[in-house]
Amino acid sequence: MATAKRCDGISRRDAIRVGGLTALGLGLGDFFHLKNSFANEQPVKLSGESSRAKSCILIWLDGGPTHLETFDPKPNAPEEVRGPFGTIATKLTGVRINECLPLSAMKLDQFSIIRSMTSPLGEHNFGTHYLMTGYKPTPALEYPTFGATLAHLRSKESATSILPPHIAVPNFGVGGSNLSGHGYLPSATGPFSVGGNPSKPDFKVRDLDFYKGLDLTRLDRRKQFSKAFDQFSREKDASNFQSDPNLERAYNLIASSKAKAAFDLSKETATVRNRYGMGGGVSIGQSCLLARRLVERGVPFVTVNNTGWDTHQNLKNLKSRFTNDRNAPLPALDRAFSALIEDLSERGMLDETLVVVMGEFGRTPKINSTGGRDHWPKAFSVVVAGGGIRGGQVIGSSDALGEFPKDDPVTPQDFAATLYTLLGIDPNHEMRTIDGRPVRVVMDGAKVIKDLI
Amino acid sequence: MIQLEKINFVLLFIAVSVLDPVAANRANGQIEEPIQRWKKVFDFNTEVMPVFTKFGCNSGACHGAAVGRGGFKLSLYGGNPTSDYESIVRHSRGRRVNLANPERSLLLKKSTEMIEHGGGAVLDLDGEAAQRLTAWISQGAIQHRSATNRPTLVKLDVTPRKKVLDSAGSQVELSAIAFFADSSEKDVTAWTVFTAEDKSAVSIDSESTYAKVLRRGRHVVVARFLDKVVPIELIVPLADQSVNYSNAPTSNFIDEEIFKTLEMLRLPLSPEVDDATFLRRATLDLTGRLPNENRVAKLFNSESLERSALVEELLSSNEFVDYWTYKLAKLLRIHPQTDNPAGANSYHRWIAKQLANHVGYDKIAQELILATGDTLENGPANFYATVRGPREQAELVSEVFMGSRLRCANCHNHPLDRWTQDDYHGLSAIFARVEMGRFIKPKPTGEVIHPRTTVPAAMQIPGETPFSVEVKNGRAPFADWLTRRNNPFFAKAIVNRIWKEMMSRGLVEPVDDFRDTNPATHPDLLERLAEDFVNSGYDLRHTIRLIASSASYARSSNAIDGNKDDDRFYSHAIRTELQPEVLADAISDVLGVSEKFGELPLGTRAITLVDPKVNSRTLDVLGRCGRMDSCDDDSSRGGGLTQKLHLFNGALLNARILAENSRLQILASHGKSMMEIVHQFYRAGFSRLPTDKEHRFWQSKLSNADKNEQKKILEDFVWGMLTSEEFSTNH
Numbered sequence: 001m002a003t004a005k006r007c008d009g010i011s012r013r014d015a016i017r018v019g020g021l022t023a024l025g026l027g028l029g030d031f032f033h034l035k036n037s038f039a040n041e042q043p044v045k046l047s048g049e050s051s052r053a054k055s056c057i058l059i060w061l062d063g064g065p066t067h068l069e070t071f072d073p074k075p076n077a078p079e080e081v082r083g084p085f086g087t088i089a090t091k092l093t094g095v096r097i098n099e100c101l102p103l104s105a106m107k108l109d110q111f112s113i114i115r116s117m118t119s120p121l122g123e124h125n126f127g128t129h130y131l132m133t134g135y136k137p138t139p140a141l142e143y144p145t146f147g148a149t150l151a152h153l154r155s156k157e158s159a160t161s162i163l164p165p166h167i168a169v170p171n172f173g174v175g176g177s178n179l180s181g182h183g184y185l186p187s188a189t190g191p192f193s194v195g196g197n198p199s200k201p202d203f204k205v206r207d208l209d210f211y212k213g214l215d216l217t218r219l220d221r222r223k224q225f226s227k228a229f230d231q232f233s234r235e236k237d238a239s240n241f242q243s244d245p246n247l248e249r250a251y252n253l254i255a256s257s258k259a260k261a262a263f264d265l266s267k268e269t270a271t272v273r274n275r276y277g278m279g280g281g282v283s284i285g286q287s288c289l290l291a292r293r294l295v296e297r298g299v300p301f302v303t304v305n306n307t308g309w310d311t312h313q314n315l316k317n318l319k320s321r322f323t324n325d326r327n328a329p330l331p332a333l334d335r336a337f338s339a340l341i342e343d344l345s346e347r348g349m350l351d352e353t354l355v356v357v358m359g360e361f362g363r364t365p366k367i368n369s370t371g372g373r374d375h376w377p378k379a380f381s382v383v384v385a386g387g388g389i390r391g392g393q394v395i396g397s398s399d400a401l402g403e404f405p406k407d408d409p410v411t412p413q414d415f416a417a418t419l420y421t422l423l424g425i426d427p428n429h430e431m432r433t434i435d436g437r438p439v440r441v442v443m444d445g446a447k448v449i450k451d452l453i
Numbered sequence: 001m002i003q004l005e006k007i008n009f010v011l012l013f014i015a016v017s018v019l020d021p022v023a024a025n026r027a028n029g030q031i032e033e034p035i036q037r038w039k040k041v042f043d044f045n046t047e048v049m050p051v052f053t054k055f056g057c058n059s060g061a062c063h064g065a066a067v068g069r070g071g072f073k074l075s076l077y078g079g080n081p082t083s084d085y086e087s088i089v090r091h092s093r094g095r096r097v098n099l100a101n102p103e104r105s106l107l108l109k110k111s112t113e114m115i116e117h118g119g120g121a122v123l124d125l126d127g128e129a130a131q132r133l134t135a136w137i138s139q140g141a142i143q144h145r146s147a148t149n150r151p152t153l154v155k156l157d158v159t160p161r162k163k164v165l166d167s168a169g170s171q172v173e174l175s176a177i178a179f180f181a182d183s184s185e186k187d188v189t190a191w192t193v194f195t196a197e198d199k200s201a202v203s204i205d206s207e208s209t210y211a212k213v214l215r216r217g218r219h220v221v222v223a224r225f226l227d228k229v230v231p232i233e234l235i236v237p238l239a240d241q242s243v244n245y246s247n248a249p250t251s252n253f254i255d256e257e258i259f260k261t262l263e264m265l266r267l268p269l270s271p272e273v274d275d276a277t278f279l280r281r282a283t284l285d286l287t288g289r290l291p292n293e294n295r296v297a298k299l300f301n302s303e304s305l306e307r308s309a310l311v312e313e314l315l316s317s318n319e320f321v322d323y324w325t326y327k328l329a330k331l332l333r334i335h336p337q338t339d340n341p342a343g344a345n346s347y348h349r350w351i352a353k354q355l356a357n358h359v360g361y362d363k364i365a366q367e368l369i370l371a372t373g374d375t376l377e378n379g380p381a382n383f384y385a386t387v388r389g390p391r392e393q394a395e396l397v398s399e400v401f402m403g404s405r406l407r408c409a410n411c412h413n414h415p416l417d418r419w420t421q422d423d424y425h426g427l428s429a430i431f432a433r434v435e436m437g438r439f440i441k442p443k444p445t446g447e448v449i450h451p452r453t454t455v456p457a458a459m460q461i462p463g464e465t466p467f468s469v470e471v472k473n474g475r476a477p478f479a480d481w482l483t484r485r486n487n488p489f490f491a492k493a494i495v496n497r498i499w500k501e502m503m504s505r506g507l508v509e510p511v512d513d514f515r516d517t518n519p520a521t522h523p524d525l526l527e528r529l530a531e532d533f534v535n536s537g538y539d540l541r542h543t544i545r546l547i548a549s550s551a552s553y554a555r556s557s558n559a560i561d562g563n564k565d566d567d568r569f570y571s572h573a574i575r576t577e578l579q580p581e582v583l584a585d586a587i588s589d590v591l592g593v594s595e596k597f598g599e600l601p602l603g604t605r606a607i608t609l610v611d612p613k614v615n616s617r618t619l620d621v622l623g624r625c626g627r628m629d630s631c632d633d634d635s636s637r638g639g640g641l642t643q644k645l646h647l648f649n650g651a652l653l654n655a656r657i658l659a660e661n662s663r664l665q666i667l668a669s670h671g672k673s674m675m676e677i678v679h680q681f682y683r684a685g686f687s688r689l690p691t692d693k694e695h696r697f698w699q700s701k702l703s704n705a706d707k708n709e710q711k712k713i714l715e716d717f718v719w720g721m722l723t724s725e726e727f728s729t730n731h
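Residue numbers (our numbering), protein chains in the order written: chain P, 1 to 453; chain Y, 1 to 731.
Incorrect hints may appear among the rest.
[Claimed, not checked] With a straight-line cut-off of 25 Å between C-alpha atoms, the simulated SDA-like cross-links for lysine to any residue are:
{"#": "1", "chain 1": "Y", "residue 1": "K672", "chain 2": "Y", "residue 2": "L600"}
{"#": "2", "chain 1": "P", "residue 1": "K236", "chain 2": "Y", "residue 2": "G720"}
{"#": "3", "chain 1": "Y", "residue 1": "K693", "chain 2": "P", "residue 2": "R221"}
{"#": "4", "chain 1": "Y", "residue 1": "K73", "chain 2": "P", "residue 2": "R221"}
{"#": "5", "chain 1": "Y", "residue 1": "K613", "chain 2": "Y", "residue 2": "V593"}
{"#": "6", "chain 1": "P", "residue 1": "K236", "chain 2": "Y", "residue 2": "H679"}
{"#": "7", "chain 1": "P", "residue 1": "K236", "chain 2": "Y", "residue 2": "H695"}
{"#": "8", "chain 1": "Y", "residue 1": "K109", "chain 2": "P", "residue 2": "D407"}
{"#": "9", "chain 1": "Y", "residue 1": "K693", "chain 2": "P", "residue 2": "Q224"}
{"#": "10", "chain 1": "Y", "residue 1": "K596", "chain 2": "P", "residue 2": "D209"}
{"#": "11", "chain 1": "Y", "residue 1": "K109", "chain 2": "Y", "residue 2": "F72"}
{"#": "12", "chain 1": "P", "residue 1": "K212", "chain 2": "Y", "residue 2": "L702"}
{"#": "13", "chain 1": "P", "residue 1": "K136", "chain 2": "Y", "residue 2": "G68"}
{"#": "14", "chain 1": "P", "residue 1": "K366", "chain 2": "Y", "residue 2": "F72"}
{"#": "15", "chain 1": "Y", "residue 1": "K199", "chain 2": "Y", "residue 2": "T521"}
{"#": "16", "chain 1": "P", "residue 1": "K91", "chain 2": "P", "residue 2": "D407"}
{"#": "17", "chain 1": "P", "residue 1": "K200", "chain 2": "P", "residue 2": "R321"}
{"#": "18", "chain 1": "Y", "residue 1": "K260", "chain 2": "P", "residue 2": "A238"}
{"#": "19", "chain 1": "Y", "residue 1": "K711", "chain 2": "Y", "residue 2": "L658"}
{"#": "20", "chain 1": "Y", "residue 1": "K73", "chain 2": "Y", "residue 2": "P451"}
{"#": "21", "chain 1": "Y", "residue 1": "K564", "chain 2": "Y", "residue 2": "N518"}
{"#": "22", "chain 1": "Y", "residue 1": "K155", "chain 2": "Y", "residue 2": "Q143"}
{"#": "23", "chain 1": "P", "residue 1": "K156", "chain 2": "P", "residue 2": "R321"}
{"#": "24", "chain 1": "Y", "residue 1": "K500", "chain 2": "P", "residue 2": "T138"}
{"#": "25", "chain 1": "Y", "residue 1": "K327", "chain 2": "Y", "residue 2": "L600"}
{"#": "26", "chain 1": "Y", "residue 1": "K701", "chain 2": "P", "residue 2": "K156"}
{"#": "27", "chain 1": "P", "residue 1": "K227", "chain 2": "Y", "residue 2": "D274"}
No wet-lab data here; the hints were simulated from the structure.
Owing to the predicted nature of the structure, the values given are computational and were not obtained by experimental measurement.
Construct the complete structure from the given sequences, taking the supplied hints into account.
As structure tokens, this is what we get:
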């Protein structure tokens, strides 16, 4: 395309364009100044300052949690948008959140809310993939989630650690259960599901104790035999075959009583367990407590999968599903999240542990005919705590009805870039698929949220 | 009075300017003559629309999104020129086009970033695209020049469609010619969007339309112009040394086609499998079980295997019916409904009967689609009890019978394929006329609302014109169209699935994602298989037999150096994990101890289970498909750390290895020697005898141990075998 450039590199069109900007009060001089400052902008460095976080706990609210009934209420909007709940003041003046989150409201100086998250994907599978990987799903490739990338890039540590580097509590049935979690990375980076229900007294991860009559020596020999069979069968094969690494990992986990103890919630006092919250089916409180234990023992990434947020009907169920319900989603979340922050803080772990609360999208500002809200990805909220972030902020905002971002829209890839940066990973780093294709950790053009770091 | 008229005129003028700026300008006498620079008059549908696709204006990330962007909505990839015309010319109070001063049109100012534009400077003011838009606006911003002059694109001819290049780094020039209904043709290369599926493999210079292949292999580039999408295959052979298969043994056209592709890619062949491997492979593929041990024994008494006789025998066995019923049950997602659990049993029984009676697949599909009656008694009626709702039914039908994911066309025209919202909701409308529940019957007033028009969608066969309102029952014409000889989807979809079952990978992958932008690895082979299948009377066994008798089917899965990176061209066979139910049955067979599934009698085989959720820890651990959704993508379901933990410490293997009536205990109690036991297990589990090396290995492990320890070593040996890759895969 023909552009007549002047000798100083400014194209004729740029000059015309600037001319159009004079209405905004920017003369040519200002324009040059702005242009130069962008040119000098440095890519984000991963210095010790911004990458304090060693681990991350992702509290995943599966189904698409309503931003209007959690962290971005619109008390002044018309009735059909406002919703059935009231709002409460928080530690930050002028910032209000849903009335069911009082404990978290008191701690708003320790976490930040991003109110201008935006995505075009309003379907569970697609939205979940996008939010959990920072990449929109394509038919060509499933991308790895944050936990898998972390596990992969910290593989030197992962190789020596016994506990799986990427754990899901209780399972990884997110967004319709169609995500492997590891994408194109080796399946060993995928999430290990602890299974069961952490609030049950007999909760334990299955099959960690020996079957009767077996001991470690037997297991070791069995493992060796299995590998021997594999080697024999592949003798004539030229491919680079490896026996399933999970066999070795399973063995190591079984062999380590310390690792096994990590999953034992009975080692926590009743006070602590109650503080997090015990009831409500697969308790989000106990799941968060287990996550804290795992992170304490060096697990880099734990996903707490809390389901039930796909509220197409009756929003009131978020507060109370029946008389004397103490464990509806909102109060349970409030209890668990505030307990987690408090607990991490008391143990001196908050700076090193990033805590994220999010789902795959928000929900429609206009309440539907069954008293609920449908999928709405255009604007929603994400909460971040710990890991060295600057707490006590509301980043970005949505418009008066909570429909679109008003200031500072943040895309899931921007969020991914920020999360990785906090965890000490360069978003521009390239990983490789099995057939050698280079793929960036975060897609090109993603911008780290400066205000958080 | 005159005052009033003047006021009226002014009001009228204001009203008209607000409502129809084009008319207002004309009324005002402000329209200019088409600027003399442009002798050519631009047609909106075929010459202006491509601009928005070429420069990404109508992509899903920008104005093509379901809600548009910045208040400006265009149809995704230009699927709807008329609504785009409305958006551009009539919406936003006509600010988008300024007939008096075309350069002041918002359409130009935004796209060239003369004012703030979220999408940045998409067009260059001096460039051809902006010039074209300016010209069109100055020519009156009209959609159709006349009632008769409406060019319609009928074909997009892209060159090359397929090209083999010498080496990585080679370039090829791409071109596109558009053919219109009035027989005119035009070179539209500059306005065609060429996109590489894998940008790290092919880089495309949009200025000069050269494609450069950066890596060896077969790569796809997709060309898009208006509503036509055409795939291009660019191939750089995987090796430098050419190969020649003109003398290689060929059984049928399958081998012809596979060898053609291997020659083009210069891939060397792995050798043929031996009889023992063929026996195990074919028996698993056709009946889902390990070969009978006597048959294995015969092989090793130097009786050679008559392979085609074996295939015939397997095809006519009851075990074949059981196994392929299981496969069809997974395809059709048969599972008990909470309100009518027994219906699934009728359904399952009916499928088995069709297979046993060699009923053609076209007849099976027809009966399912036209089914009515009591789901408890009438098996096929359960086809309408699988998912709930007409849209879900449309999605099921398209994925199962057309191999196509129509679901993306719910909210907008499918971005990568030909399907429109009319197709999706039109097909849903056909199923809205079916009452679903315990009794399936026609529902004459059923309808679905088309989200764009907000009125009931007209019934429509995907890709065809809508039915007239007189048509009450859409199922019959749909079933007819689907199973007609020349239907482009039906035969290919099922033949591709059969191919995957036998060869481990579909010619089109994923198997429910046929689209123009996802070409088959061997398009000619797929055509021929489909045609052959139709000619056979849609006989499933016919195609299975054809594949099983090809030389390609009998190839070893051991790669050689030159072909170890091939994962889709069949230079060597592709190993595949056994399905959870098959593996569960195989473990039971080898151990000699059955497992209980729910309340069903002991000895029930897992592949015969009707309920995919019947109580079974084993099947959960092995990762069975719950059939609530498609079972096509099995990859992320089983395995992993959890499974290995259970294999180590759970009951699945441990309980039965030690059981009194297990094969190991029985052989030991009959006084068999250690190595005899080892050989028996090899025959049972691997369908072969150990090699000398393997024999020596196990002997060394066993010989220095006392009797007690020997027993434990054998238990560990059995455990090792059942967790090995050789056992749990078909290879």
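Structure-inconsistent hints, enumerated in ascending order: 1, 4, 23 and 26
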